[in-house]
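Chemist: Sequence:
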Amino acid sequence: MSAPIPIRVHYHKTRRELELDYADGRSFRLPIEYLRVYSPSAEVRGHGGDDAVLQVGKKDVGLANITQAGRYALKLHFDDGHDSGLYTWEYLLDLAEHQARYWRDYLERLEAAGASREPLGIQIKQL
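For what it's worth, the working numbering labels the leading residue of the sequence shown as 620, then goes sequentially.
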């Protein structure tokens with residue numbers, strides 16, 4: 620069974636959250652930082668095994684754009700330049716339903732690595 624397609628997707632720019640509303644009345648707000656650190660891209664998740672790359676310094680990341688990929692996914696274009704990886708409806712629902720556990724796991728991995736959510740310095744965007 621495939622995941623339902625949201626009836627509404629809305630980016631709350633000031634709060635940096637992606638809101639997903641479903642026909643059954645469920646609604647989720649996913650922080651953009653959370654979506655960025657759990658990007659389904661090979662750059663973040665690796666190519667299998669233990670080669671995933673812990674994402675650090677993403678606290679202030681936002682979205683530059685959102686595009687739909689067919690009828691099965693969204694492509695999120697982050698303002699830090701990352702835009703690889705497709706967020707399927709199944710993956711987005713999984714992230715929404717397990718947000719508390721996944722976020723706790725991410726914070727534990729950051730702490731174990733001695734890393735931070737805070738950006739490392741001034742980000743210069745290419746014009």
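Calculated from the structure, these hints are not laboratory results. Please note: incorrect hints may appear among the correct ones.
[As the list claims (entries may be wrong)] Straight-line C-alpha distance at most 20 Å; calculated SDA-like pairs for lysine to any residue: (1) K678 with A692; (2) K694 with E662; (3) K632 with N684; (4) K632 with E709; (5) K632 with A642; (6) K632 with H666; (7) K678 with D640; (8) K694 with L712; (9) K632 with E662; (10) K678 with E709; (11) K632 with R728; (12) K694 with E737; (13) K694 with L726; (14) K678 with P623.
Small disclaimer: the values here were computed from a predicted structure and weren't measured.
Chemist: Taken at face value, is the distance from the CA of A642 to the CA of K632 at most 20 Å?
Modeler: Given that 20 Å is the threshold and the Cα spacing comes to 23 Å, the pair is violated.
Chemist: For the pair we were handed, K632 and E662, check the Cα-Cα distance against 20 Å.
Modeler: violated (25 Å)
Chemist: Hey, K632 versus E709, does the alpha-carbon distance stay inside 20 Å?
Modeler: Roughly 24 Å between the alpha carbons, so the hint for K632 and E709 is violated.
Chemist: Holds or violated: are the alpha carbons of K678 and P623 at most 20 Å from each other?
Modeler: violated (29 Å)
Chemist: Does E709 sit within 20 Å of K678, going by the straight-line distance between their CA atoms?
Modeler: Violated - the C-alpha atoms of E709 and K678 are around 25 Å apart, more than 20 Å.
Chemist: Just to be careful, I want the Cα atoms of K632 and H666 compared with a cutoff of 20 Å; is the pair within it?
Modeler: violated (32 Å)
Chemist: Would you check the hint for K694 and E662, treating anything up to 20 Å between C-alpha atoms as holding?
Modeler: holds (15 Å)
Chemist: Need the status of pair K694, L712: alpha-carbon distance at most 20 Å?
Modeler: Roughly 15 Å between the alpha carbons, so the hint for K694 and L712 holds.
Chemist: With the threshold set at 20 Å, check whether the alpha-carbon distance from K678 to A692 stays at or below it.
Modeler: Answer violated: K678 to A692 is near 24 Å, above 20 Å.
Chemist: For K694 and L726, compute the direct alpha-carbon distance and say whether it is at most 20 Å.
Modeler: violated (25 Å)
Chemist: Starting from K632, check that the Cα of R728 is at most 20 Å away, please.
Modeler: Since the Cα atoms of K632 and R728 sit roughly 27 Å apart, the hinted pair is violated (cutoff 20 Å).
Chemist: Between K678 and D640, is the straight-line Cα distance small enough, at 20 Å or below?
Modeler: violated (24 Å)
Violated hints, in rising order: 1, 4, 5, 6, 7, 9, 10, 11, 12, 13, 14; the structure is consistent with all others.
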